[in-house]
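Chemist: Here are the chains, one letter per residue:
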Amino acid sequence: MLMAGTSLEILSINVWHVLMAIGNLLILVLILKKFLFKPVQNILKQREEEVGKIYSDADEALSKANEDKALYEQKLMDAKSEADSLIKLASEQAKRESGDIVSAARKEAERRLKNADDDIELAKKKAAEDMMDSISDMVIDLAEKVVEKEIDKDSHSALIDDAINRLGDSL
Amino acid sequence: MEIEVTGAKILFELPFGITITETQVNMWIVMAVIAGLCIWLTHDLKVKPTSKRQIVAEFLVKTAQNFVEGNMGKRFAFFTPYIAALFSLALGCCFVSLLGMYPPTSDLNTTLGWAAITFVLITFYKFKTNGLGGYLKGLTEPIFIMAPMNVIGEFSTPISMAFRMFGNVVSGSIISALVYAALASANSALFGWLPGFLGEWANNYPILQLGLPAVLSLYFDIFSSVLQSFIFCMLTMLYIKSAAEVE
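Residue numbers (the working numbering), protein chains in the order written: chain A, 1 to 171; chain B, 172 to 418.
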């Protein structure tokens with residue numbers, strides 16, 4: 001009855017055919033799983049991961065940028081305060097130096113003034129001594145002329161000086 | 172005029188009384204086409220889709236997932252490949268009749284096999300949810316006398332599913348065959364009396380068969396096929412889901 005070339009009855013049940021239908025369906029499930037669902041789901045998962053990575057990268061970059069910004073602001077502030085302190089330091093130093101220079105100049109001037117005073121005093125003394133010498137010579141000349149004899153300058157000089165000094169005192 | 176509607180043609184005989192009929196061969200052809208389609212759709216997938224193929228593949232997978240998850244809930248998402256395989260195989264097996272091949276779904280063995288899987292799954296989930304005792308107790312409700320009816324009810328589910336699909340496809344084939352034969356008769360009645368070679372031509376080339384069978388094919392082979400495949404998948408999902416629900 002079941003011969004090649006003949007046909008089955010329109011309503012016939014054959015256990016082998018039922019089992020083959022079941023097997024075919026299960027095989028197709030595996031085929032779909034392996035060739036359609038797995039690859040597509042893998043790619044969807046990869047895409048999800050990639051999108052997640054892009055988001056986290058963006059967040060990271062943003063936070064890093066904020067950090068950098070804070071850092072630069074801090075640096076800028078530091079530089080500003082450093083500049084301020086440098087200017088302050090420089091101006092202080094300049095003030096101090098100018099004070100030093102002025103005081104040194106004043107000292108120098110004082111020193112020079114004193115030297116000049118000393119010189120004047122010395123010159124005065126020298127002039128007085130010169131005058132005294134010339135006066136004593138004049139006196140001796142006068143006295144020689146008066147007594148007509150030579151006065152020994154050396155032996156009488158003490159006497160003469162004394163006289164002149166007395167004269168000087170009374171002057 | 173004699174009209175004969177038969178089942179699948181037997182193509183090979185194997186030992187142990189196993190026969191390979193058009194049903195099996197056509198189903199294998201459909202499976203090979205589906206497998207080839209899947210491989211073609213999913214080769215060279217990229218994270219950033221560049222081809223229309225990939226968009227179609229992703230659309231199919233997402234649609235199947237949404238369909239199954241929408242009907243059965245997220246915890247049955249792993250059923251997606253099974254439902255997708257069932258739908259595509261049922262649809263493909265109906266569509267081969269468009270090519271003039273024998274549709275495997277008009278073989279009761281095919282639909283009975285698929286319905287048997289559904290039945291096994293339903294029973295498995297009933298056991299899993301209520302336990303064996305709960306399942307047996309459920310058969311005796313509302314009263315003990317109803318037990319035989321309940322047992323029949325259990326088995327009627329897959330049988331009705333199998334016969335629903337089988338009946339639809341086979342009735343389409345029968346109606347198509349009847350209409351073809353009727354149109355051939357009408358053709359001979361209308362033009363057969365023509366003298367000489369004209370009458371012979373009219374009998375050999377039944378021109379009346381041109382229009383109406385195409386419309387019938389549109390209904391039985393396309394609309395009814397899609398509808399029956401859809402109903403089969405829908406019933407499978409809903410029965411399994413309700414079997415797994417705690418009462």
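In short, the hints are calculated from the structure, not lab data. Please note that the accuracy of each hint is not assured.
Within a straight-line C-alpha distance of at most 30 Å, the following computed DSSO-like cross-link-like pairs (lysine-lysine) qualify [stated by the list, open to error]:
id, chain 1, residue 1, chain 2, residue 2
1, A, K34, B, K223
2, A, K53, B, K223
3, A, K33, B, K299
Chemist: Quick one, are K53(A) and K223(B) close enough, alpha carbons at most 30 Å?
Modeler: holds, 26 Å
Chemist: Tell me if the straight-line CA distance from K34(A) to K223(B) falls inside 30 Å.
Modeler: holds, 21 Å
Chemist: Hey, K33(A) versus K299(B), does the alpha-carbon distance stay inside 30 Å?
Modeler: holds, 25 Å
In summary, this structure violates none of the numbered hints.
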